[in-house]
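Going down the list, the protein sequences come from chains A and B. Per the working numbering, the first sequence runs over residues 2 to 334. Per the working numbering, the second sequence runs over residues 34 to 274.
The set of hints was computed from the structure by calculation and includes no laboratory data. For every residue, glycine included, the Cβ atom is placed at its ideal position computed from N, Cα and C. Just so you know, nobody snuck in bad clues.
Only part of the chain B face toward chain A is listed, based on derived beta-carbon distances under 8 Å:
id: 1; residue: 106
id: 2; residue: 127
id: 3; residue: 133
id: 4; residue: 157
id: 5; residue: 158
id: 6; residue: 161
id: 7; residue: 162
Derived coverage of chain A by chain B (criterion: at least 3 residues anywhere in the stretch with Cβ under 8 Å from a Cβ of chain B; other residues may be distant):
id: 8; stretch: 216 to 230
id: 9; stretch: 233 to 243
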Amino acid sequence: MSMSEPPASGLRARLMTGLGGVLLKPLLVPRDRVLAPVLPAKSRSGAALMLVIAIMTFLASLTAGAVHLVADASRDWSRTIAREMTIQIRPAPGRNLDADVAAAADLARRQRVIEEVRVMDRREGEKLLEPWLGTGLDLGDLPVPRLVVLRLAAGLAPDLSGLRAALAERVPNALLDDHKLWLSRLKAMADTLVGIGLMILTLVLVATALAVAFATRGAMAGTAQIIDVLHLVGAEDSYIARQFQGHFLRLGLRGGAAGALAASGFFIVAGLVFGRGAQGSALEQVEALFGRFSLPLWGYLSVLVIGVLVAVVTGVVSRVTVYRTLRGMEQAQ
Amino acid sequence: MVDFTERDEGTLPLWPELAEPDLVRFENVGLRYGIGPEILRDIDFTIPPQSFQFLTGPSGAGKTTLLKLVMQTLKPTRGRVTLFGENVSQHSQAELARLRRRIGIVFQDFRLLDHLTTYENVALPLLVQGREEASYRGEVIELLRWVGLGDRMHVPPVILSGGEKQRAAIARALIGQPALLLADEPTGNVDPGLARRLLRLFIELNKSGTAVVIATHDLALMDMIDARRLVLAEGQLHVYE
Numbered sequence: 002m003s004m005s006e007p008p009a010s011g012l013r014a015r016l017m018t019g020l021g022g023v024l025l026k027p028l029l030v031p032r033d034r035v036l037a038p039v040l041p042a043k044s045r046s047g048a049a050l051m052l053v054i055a056i057m058t059f060l061a062s063l064t065a066g067a068v069h070l071v072a073d074a075s076r077d078w079s080r081t082i083a084r085e086m087t088i089q090i091r092p093a094p095g096r097n098l099d100a101d102v103a104a105a106a107d108l109a110r111r112q113r114v115i116e117e118v119r120v121m122d123r124r125e126g127e128k129l130l131e132p133w134l135g136t137g138l139d140l141g142d143l144p145v146p147r148l149v150v151l152r153l154a155a156g157l158a159p160d161l162s163g164l165r166a167a168l169a170e171r172v173p174n175a176l177l178d179d180h181k182l183w184l185s186r187l188k189a190m191a192d193t194l195v196g197i198g199l200m201i202l203t204l205v206l207v208a209t210a211l212a213v214a215f216a217t218r219g220a221m222a223g224t225a226q227i228i229d230v231l232h233l234v235g236a237e238d239s240y241i242a243r244q245f246q247g248h249f250l251r252l253g254l255r256g257g258a259a260g261a262l263a264a265s266g267f268f269i270v271a272g273l274v275f276g277r278g279a280q281g282s283a284l285e286q287v288e289a290l291f292g293r294f295s296l297p298l299w300g301y302l303s304v305l306v307i308g309v310l311v312a313v314v315t316g317v318v319s320r321v322t323v324y325r326t327l328r329g330m331e332q333a334q
Numbered sequence: 034m035v036d037f038t039e040r041d042e043g044t045l046p047l048w049p050e051l052a053e054p055d056l057v058r059f060e061n062v063g064l065r066y067g068i069g070p071e072i073l074r075d076i077d078f079t080i081p082p083q084s085f086q087f088l089t090g091p092s093g094a095g096k097t098t099l100l101k102l103v104m105q106t107l108k109p110t111r112g113r114v115t116l117f118g119e120n121v122s123q124h125s126q127a128e129l130a131r132l133r134r135r136i137g138i139v140f141q142d143f144r145l146l147d148h149l150t151t152y153e154n155v156a157l158p159l160l161v162q163g164r165e166e167a168s169y170r171g172e173v174i175e176l177l178r179w180v181g182l183g184d185r186m187h188v189p190p191v192i193l194s195g196g197e198k199q200r201a202a203i204a205r206a207l208i209g210q211p212a213l214l215l216a217d218e219p220t221g222n223v224d225p226g227l228a229r230r231l232l233r234l235f236i237e238l239n240k241s242g243t244a245v246v247i248a249t250h251d252l253a254l255m256d257m258i259d260a261r262r263l264v265l266a267e268g269q270l271h272v273y274e
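Chain A with its partners taken away, still in its complex shape (with noise of 0.2 Å):
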């Protein structure tokens, strides 16, 4: 009964064996040779499907770049904050605030790990209460405490119980203040918007799960004729299954690359925006928090990762779904 196939010679022969012919049979193999796939490739369910898994993509792209934004903003922050420190001298009676100001900034200069010192004059002091007391008072009447900014020398850490002792011993009406409250108020906020990004992220995976388990559910009994025909022919469930496996995979892989392809342009178009430098206080009240919109390259490598797992897990997913309905069909027989 068997009849033999014409040989394949000279170049076309080359090309189609080793890896050549994996890339290349398709192109070189007859149209009417290449045989369709045993499930319907194409559905209305499939590319609600595949719309589905492009939004749940593009969500969960732009949540990771957003967690990307935060964390580097964060860490910009953290690292400007904690070089940075302020000696506080409140008045005192009895005492010259000047002098007071002055033998701060003396001690401060004398510490190896403090790189600069700069005192603030009345003036500058006075205009950082204008936010709270507004503009036009004369505070020349008020006790308004004299800052001294300290900027720490990069790379060395920062051990300053000497200063304080010693600002504790010339200066008691000043205060050294580090910043370390602030810094861990950012953090803890920085680990918070991480922390819910990440969940955000979890939550997406699991809606696309769920979307493409109910999905397979519906293609099976979509094709509950072509499953009874391939149980009949001889085909096991892993047959099966995995036909069920590389149609989601296909259409998992087109929506999360339309997804991650959608989202890398927002994140292009944002960082153009924002880029250019921001106008409007809305505009600035963004750039203060994500800096200047621009995603990493590690940040588009996230977002490619992202596409490929929603792939992945639409795969995995439909395969596990196939395995249990027909079980659950086996054992209702």
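We have chain A; now place chain B onto it with these hints.
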């Protein structure tokens, strides 16, 4: 002369390892759906290798159900089913798939997959076995030519006539060179002339060594040849040799 195919209880063959088991053996098989009455009861029969038989009975007697029990897409509620010498009651899905590959089945409604071409439909049993297309392409083309569909192999089933669909379905059942062919009302949707030609095709197959079971209620078809008859009536099976 010793009959090596004899498998009656209590009459063991002289050299058991040489005995060819019945392809199908039903012993005291019954089937009910849920808590309803038994629709098949006390079914006992065998299908020996290379045999030819009709499975008949009035419409609704359970012919298709019996074929489903043979294919194990339905499980009996009692009794024992043996396929190719193996008790299948505890078989896994993979083991059943292995046995089903030795059985070809033809349906009255053909059950061809509309999104595949005739060629792909016929090749399906080999495709699901994971075989490379190059290894079976010649066989499929030759079989399609043999059933008269050589010039229709690249068209989808929707544009085939009823007779062509039936021949494609038969080709699909035969491509795996099964030991047993089950045909469920294969002549139900074709004209008498084509029905006679299909019957001749089944007889030819049987002569080449395939056991054939044709489920039909077409008395005219059964009268064309003298063959064993399995008659289903009121849930019970009567065998007329």
